[in-house]
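Produce the complete structure using the sequences and hints provided.
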Amino acid sequence: MDCPGDWPEPIVRVQSLSESCNDAIPERYVKPPEARPLLGSTLDANIPLIDLGGLHDDSLREATLGHVSEACREWGFFMVVNHGISDELLDRAREVWRQFFHQPMEVKQAYANSPKTYEGYGSRLGVEKGAVLDWSDYYYLHYLPCNLRDFNKWPALPNHLREVIAEYSAEIVRLGGVLLKILSINLGLSENFLQNAFGGSDIGACLRVNFYPKCPQPDLTLGLSSHSDPGGMTFLLPDQHVPGLQVRRGDGWITVKPAPHALIVNIGDQIQVLVLLSPSIINHFIIIN
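Per UniProt numbering, the sequence shown runs over residues 1 to 289.
These are calculated hints, taken from the structure and not from any lab test.
It is possible that part of the hints are untrue.
[Said to hold, decoys possible] Straight-line C-alpha distance at most 25 Å; calculated PhoX-like pairs for lysine-lysine:
| id | residue 1 | residue 2 |
| --- | --- | --- |
| 1 | K214 | K108 |
| 2 | K257 | K214 |
| 3 | K116 | K153 |
| 4 | K116 | K129 |
| 5 | K153 | K108 |
| 6 | K129 | K31 |
| 7 | K214 | K31 |
[Stated by the list, open to error] Label pairs and their in silico Cβ distance ranges:
| id | residue 1 | residue 2 | range |
| --- | --- | --- | --- |
| 8 | L38 | E62 | 36 to 42 Å |
| 9 | P243 | K129 | 30 to 36 Å |
| 10 | G204 | L89 | 21 to 27 Å |
| 11 | A156 | D87 | 22 to 28 Å |
| 12 | K129 | N159 | 36 to 42 Å |
| 13 | A35 | G204 | 28 to 34 Å |
| 14 | N192 | R73 | 18 to 24 Å |
| 15 | C146 | S86 | 21 to 27 Å |
| 16 | V81 | E167 | 15 to 21 Å |
Beta carbons are placed, not taken as given, at the ideal position from N, Cα and C, and that holds for glycine.
Below, the structure is given as structure tokens:
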């Protein structure tokens, strides 16, 4: 437990709580009844799965654009495969961050964050005293624009983590550019319109890695409270063996069943407004369990 000057109260690492509270979670993590997980009552469905390989086949390109269009309009979420990022890189990204969260506490504490930028190793958002907290720790980094990038916040351990951060982030930004072009075309705009609207080569990109330790009372808390993403687009690399992400669908929730080495795409609030308003188009975390 520590209490840097910028935080209003001591910071408790959820991973430490997970290792010490065998039967019950602290009251600070108990959600009100209306915000608790709906275990066993989710809808039996899944978000769309889109093969981006069709973009490179003239006979499939229009159909692929249409699949993205429909997924944006009907869901705001979809999975993509044949996205151009190697399976080996995705596996390494998950594994090196899993290793980081299992480093000794003193190693992780060297990167403890503050509410000024939230960069580094964190366990809460916001500075409201007595707030109900989420059952998770996380790591947050700015990647783009380059002037916001602080390499002092990139963990030195485990070995190769910095290398993986750079490679994975660059690939996600590239893929984001591909999808921004698709969305621009589907909106009836020039293919570079959205990329330029979000800053062109100075587009913003950040990485958040969520770590969800074991919980003795998962029916009372959430790893991450329900929310929408305020930016343009979010890519999620899930743990394929531990489903947890839920997506709102009508009046119910769907537990996402990830496809092997697929990335989950969440259209953020800014693009979703454009999608819903346009008549021509039918919403770098990594999740570690």
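(message) Hint by hint, where does the structure go against what was stated? Just the numbers, ascending.
(response) none
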